Amino acid sequence: MIRKAGLPLVIIVVIIVAGLLVWQLAGKGSAPVEAPVVEAPVEEEPIEIAEAPALEPEILEEETPEEDD
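Numbering-wise, the numbering used here comes out as the position in the sequence shown, counting from 1, plus 42.
The set of hints was computed from the structure by calculation and includes no laboratory data.
Computed from a prediction, not measured in an experiment: that's the story for all the values here.
Incorrect hints may appear among the rest.
What the hints assert, rightly or not - Cβ pair distances, simulated, as ranges: (1) G61 to P88: 49 to 59 Å; (2) E87 to I58: 32 to 42 Å; (3) I53 to A77: 47 to 57 Å; (4) V55 to A77: 52 to 62 Å; (5) L63 to E87: 29 to 39 Å; (6) E85 to V56: 57 to 67 Å; (7) A47 to A68: 26 to 36 Å; (8) V56 to E81: 39 to 49 Å; (9) V59 to E85: 52 to 62 Å; (10) L63 to E85: 44 to 54 Å; (11) G69 to L49: 37 to 47 Å; (12) A47 to E76: 37 to 47 Å.
The beta-carbon is built from N, C-alpha and C at its ideal position, and this holds for glycine as well.
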């Protein structure tokens with residue numbers, strides 16, 4: 043009976059051993075080590091907003107098409 047179940051048993055054992063090896067290499071078998079979070083000081087500088095030149099009303103009137111009623 044062992045000879046009949048030999049190959050499937052070997053395959054199952056190899057899969058289990060490979061899974062445990064991957065588990066250990068991935069660090070799942072030990073406590074995870076987390077790096078400390080260090081925040082750098084941020085210097086805030088005022089942001090200058092450039093203003094667009096104001097459009098003259100004359101230009102707006104010329105570009106606006108007039109509708110006939």
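Hints versus structure:
1. For the pair G61 and P88, the beta carbons lie near 58 Å from each other, so the given range of 49 to 59 Å is met.
2. The hinted window of 32 to 42 Å between E87 and I58 is violated, with their beta carbons roughly 59 Å apart.
3. I53 and A77 have their C-beta atoms about 40 Å apart, which leaves the hinted 47 to 57 Å range violated.
4. A C-beta distance of roughly 37 Å is found between V55 and A77, which places it outside the suggested range of 52 to 62 Å.
5. Taking the beta carbon of each, L63 and E87 are about 53 Å apart, not inside 29 to 39 Å as hinted.
6. At roughly 58 Å, the beta-carbon separation of E85 and V56 lies within the given 57 to 67 Å, and the hint holds.
7. Under the hint 26 to 36 Å, the C-beta atoms of A47 and A68, about 31 Å apart, fit the expected range.
8. The hinted window of 39 to 49 Å between V56 and E81 holds, with their beta carbons roughly 47 Å apart.
9. Distance hint check for V59 and E85: the Cβ-Cβ separation is about 55 Å, which falls inside the suggested range of 52 to 62 Å.
10. With their beta carbons about 49 Å apart, L63 and E85 fall inside the hinted range of 44 to 54 Å.
11. Roughly 33 Å separates the CB atoms of G69 and L49, a value that falls outside the hinted 37 to 47 Å.
12. Between A47 and E76 the CB atoms are about 45 Å apart, so this pair conforms to the stated range of 37 to 47 Å.
In summary, the numbered hints that this structure violates are 2, 3, 4, 5, 11.
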